[in-house]
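Here is how the chains run, residue by residue.
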Amino acid sequence: MALAGGTLPPDDVVVAALRTGDEAAFAALLDAWSRGMLRLARAYVSTDDSAQEVVQDAWLAVVEGIDGFEGRSSLKTWVHRILVNTAKKRGVRENRAIPWSSAFERQGGPSDGSSRFSGEDGVPPGPWKDFSVLWPTPEDEALASEVRGQIAAALAGLPDRQRIVITLRDVEGCTSEEVCEILDISAANQRVLLHRARTWVRARIEAYFETVGRPA
Amino acid sequence: MKRFRCAEVVELVTVYLEDALDEPARLGMEQHLACCGECGHRLDQFRAVIGVLGALPSEEDLRGDVRDRLLSAFRDRHRRGA
Numbered sequence: 001m002a003l004a005g006g007t008l009p010p011d012d013v014v015v016a017a018l019r020t021g022d023e024a025a026f027a028a029l030l031d032a033w034s035r036g037m038l039r040l041a042r043a044y045v046s047t048d049d050s051a052q053e054v055v056q057d058a059w060l061a062v063v064e065g066i067d068g069f070e071g072r073s074s075l076k077t078w079v080h081r082i083l084v085n086t087a088k089k090r091g092v093r094e095n096r097a098i099p100w101s102s103a104f105e106r107q108g109g110p111s112d113g114s115s116r117f118s119g120e121d122g123v124p125p126g127p128w129k130d131f132s133v134l135w136p137t138p139e140d141e142a143l144a145s146e147v148r149g150q151i152a153a154a155l156a157g158l159p160d161r162q163r164i165v166i167t168l169r170d171v172e173g174c175t176s177e178e179v180c181e182i183l184d185i186s187a188a189n190q191r192v193l194l195h196r197a198r199t200w201v202r203a204r205i206e207a208y209f210e211t212v213g214r215p216a
Numbered sequence: 001m002k003r004f005r006c007a008e009v010v011e012l013v014t015v016y017l018e019d020a021l022d023e024p025a026r027l028g029m030e031q032h033l034a035c036c037g038e039c040g041h042r043l044d045q046f047r048a049v050i051g052v053l054g055a056l057p058s059e060e061d062l063r064g065d066v067r068d069r070l071l072s073a074f075r076d077r078h079r080r081g082a
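Line by line, the protein sequences are chains A and B.
The first sequence begins at 1 in UniProt numbering and counts up one residue at a time.
The second sequence begins at 1 in UniProt numbering and counts up one residue at a time.
Note that these hints are calculated values from the structure, not bench results.
Only a predicted model underlies this, so the values are computations on that prediction, with no experimental measurement involved.
Check the hints yourself; a few may be wrong.
Covered by chain B, according to a simulated footprint, are these stretches of chain A (three or more residues, beta-carbon under 8 angstroms) [to be verified]:
1. 56-65
2. 71-85
3. 197-203
Ideal Cβ placement from N, Cα and C applies to all residues, glycine included.
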């Protein structure tokens, strides 16, 4: 969204266009943000079809509510808050409610891999050193594409809250301030969830490299 | 300036990348990273993960019928409002 959104005009221009019924502006917004919104919605609901409906309902609420947008947050944050609220309601109906209470402070991270990096002795495990040269870089297309598949699988294995935060931050490119505003969580909570999620994803990739060994 | 152990550095990688450490802690972290190859690697790997996440292709696009419905709702809303 950040990337696609980079080509959008400033908020006041977009909002004015929406209010005057500029359909091209609305279409541009739909095309810039809907994919990221689908990805986010999918973290709350159980099927792709549900996610499509959530995104549709969120955009309908945006269309109805744009006259009331006061600009206290960015348009992107406002739209995504509407999306999250819509998705939560839908998730409740599907019994997939994700509580954002303080409960997650006590919740541990995923139970494998990550603990290795907080061992008493503080000595990192050996394999890192050996395959760090294999980590994907933009220049290494074939490997990067395979690692992307592994990362998608790793994301799917995360607890919901961690997946939502890492999706917003690292996949969609939102700032920490935006994530805190969209999800109504503190900066500290946001960082804890993000750190656990990144640690888990990194551990999954490590496991992948250990399994496949060094690609030819 | 605080001296960090590897285990502490590992836990602070995200805070460090968020630029949310206070100055003495940031300096201590950077000093540790400058002389600990393992933690330096780990930081690189964190950055690699973030880089790949940011380059993930979208699996799904808004369905054509949904997009059409939204555009027509937008038009209707404006005809009503005008």
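How does the segment 56-65 of chain A fare against chain B when you require at least three residues with a CB closer than 8 angstroms, holds or violated?
The restraint on the segment 56-65 of chain A holds, since 5 of its residues have a Cβ under 8 angstroms from chain B and three suffice.
Count the residues of the segment 197-203 of chain A whose CB lies closer than 8 angstroms to any CB of chain B, then report whether that count reaches three.
Three-residue rule met by the segment 197-203 of chain A, so holds; n is 3.
Coverage of the segment 71-85 of chain A by chain B (three or more Cβ within 8 angstroms)
violated (count 0)
The earlier numbered hint that this structure contradicts is number 2, and it is the only one.
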